[in-house]
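There are 2 protein chains.
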Amino acid sequence: MNKEKKIAVVLMSGGMDSTLCAAIALSQGYEVAGMHLNYEQRTKAREERAFNEICDFYKIKKRLLIDVSYFKQIGSSSLTEVDMQVSKADLDSSAIPTSYVPFRNANILAISTSWAEAINASALFIGASQVDGSNYPDCRQSFFDAFQSAIDLGTKPESKIKIITPLINMTKADIVREGAKLGVPFELTWSCYQNSDKPCGVCDSCALRERGFRLAGLEDLLAV
Amino acid sequence: MNKEKKIAVVLMSGGMDSTLCAAIALSQGYEVAGMHLNYEQRTKAREERAFNEICDFYKIKKRLLIDVSYFKQIGSSSLTEVDMQVSKADLDSSAIPTSYVPFRNANILAISTSWAEAINASALFIGASQVDGSNYPDCRQSFFDAFQSAIDLGTKPESKIKIITPLINMTKADIVREGAKLGVPFELTWSCYQNSDKPCGVCDSCALRERGFRLAGLEDLLAV
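Going line by line, the protein sequences match chains A and B.
Here the first sequence stands for residues 14 to 237, numbered as in the numbering used here.
Here the second sequence stands for residues 14 to 237, numbered as in the numbering used here.
No wet-lab data here; the hints were simulated from the structure.
Watch out, some of these pointers could steer you wrong.
In this list, chains with the same sequence are indistinguishable; a pair is considered to hold if it fits within one copy or across any two.
Claimed, not checked - Quick list of in silico lysine-lysine cross-link-like pairs, DSS-like style, CA-CA up to 27 Å:
no., residue 1, residue 2
1, K74, K57
2, K72, K173
3, K85, K72
4, K74, K85
5, K19, K175
6, K72, K18
7, K85, K19
8, K85, K194
9, K169, K194
10, K85, K173
11, K85, K169
12, K173, K57
13, K74, K173
My request is simple: use the sequences and hints to build the entire structure.
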């Protein structure tokens, strides 16, 4: 392996978007360091399997799995008006729904920048899109630009870490088309929020995926 | 309790600086929500005890303890690597000290902003100082300003969360003097990076604390 190769940290959820991100980083000559976050979500094990299979496919050796289940504590805190105890009781309660985590992408970028700085990476790929799906404030390019300034000012002078958002203006159909062009193994990815054996076909994520393949005029091998 | 009271999330490590921050937030009329992070550092349990005792002292009810031991995975820090030596104090050095966790304050700000948004807080107090001791890039006001822009752009339009850094231009001696004025219970705080029973007296943090009290001409009850 070329030791001069530039390293890119790629946030890899195991889904389609971030897998395309990894393919793009590789096509640009980066050595990819794959970072996978889990937060005790329902399909955690399935997504982790997808992450590893995709890394195996691309022969990605640098892998880091990070537990950010603190998202659950914060998510649930918005639903509880009672005083919060310091105990981990909140974590143990499976009754508390934890959907939206405010400012999640900032957390993700901060963690991945820390790793990028630790391993001397020069780029940070994140598969956010501001056109398709939910209109979260921290999915917009203007937010990423602001975070870039925070990185420039908050890391060591010799660190030069650039956030790269190659999918920012892509629809899911664009992602399918671009992935097909680059030979992305979409059949290894996992999108369903609900199931871990067979995609449910009805959750938001399954619906977005189905529409993307349909509009791109391509077949989703995972759904066959 | 007055329901109209504005809420401030205060990052409370259990040390002197963040305890002064809590006192300042309270003196400005905020209801304080105390957030404490641990990352499997050597003195974790002792710092957690300090956090709780300080919250008890100030009757702070909203408390959130977050495990960020992923810092340990990212590594490259003497605070988290058990087999790395904590460097001896060299207060005049302008080098970045070995206790540096890459981009740590960004992680901390991202987490606390998430909580602030979840509980409708309007302020976020962090006891960073850019004048005394450690030359962390993410302890400078310019970094906090950049992160403020990321917060403004990355949170919901109705969220107005302001980072407040009341200690940013204070030396440790200033902090001791201001704390004394506000009746801060410094004897409940913990600063030592090394020990949990009796301060070691030689680590960076102990040296800074000792110098602060000495220059302020006050007695550190913890050291007596």
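Results of checking the hints against the structure:
1. K74 / K57: This pair counts as within: shortest intra-copy Cα distance 21 Å, inter-copy 32 Å.
2. K72 / K173: Answer is within: at 25 Å inside a copy they meet the 27 Å cutoff, but 44 Å across does not.
3. K85 / K72: Answer is between; shortest inter-copy Cα gap is 25 Å, intra-copy 32 Å.
4. K74 / K85: between (29 Å within a copy, 20 Å between copies)
5. K19 / K175: Close inside one copy (12 Å), not across copies (37 Å); limit 27 Å.
6. K72 / K18: within (15 Å within a copy, 54 Å between copies)
7. K85 / K19: between (35 Å within a copy, 24 Å between copies)
8. K85 / K194: Answer is neither; intra-copy 37 Å and inter-copy 39 Å both fail.
9. K169 / K194: Intra 38 Å, inter 36 Å, cutoff 27 Å: neither.
10. K85 / K173: between (32 Å within a copy, 23 Å between copies)
11. K85 / K169: between (31 Å within a copy, 19 Å between copies)
12. K173 / K57: Cα proximity of K173 and K57: none, with 32 Å in one copy and 32 Å across.
13. K74 / K173: within (22 Å within a copy, 42 Å between copies)
The structure does not agree with the numbered hints 8, 9, 12 stated previously, though it agrees with the rest.
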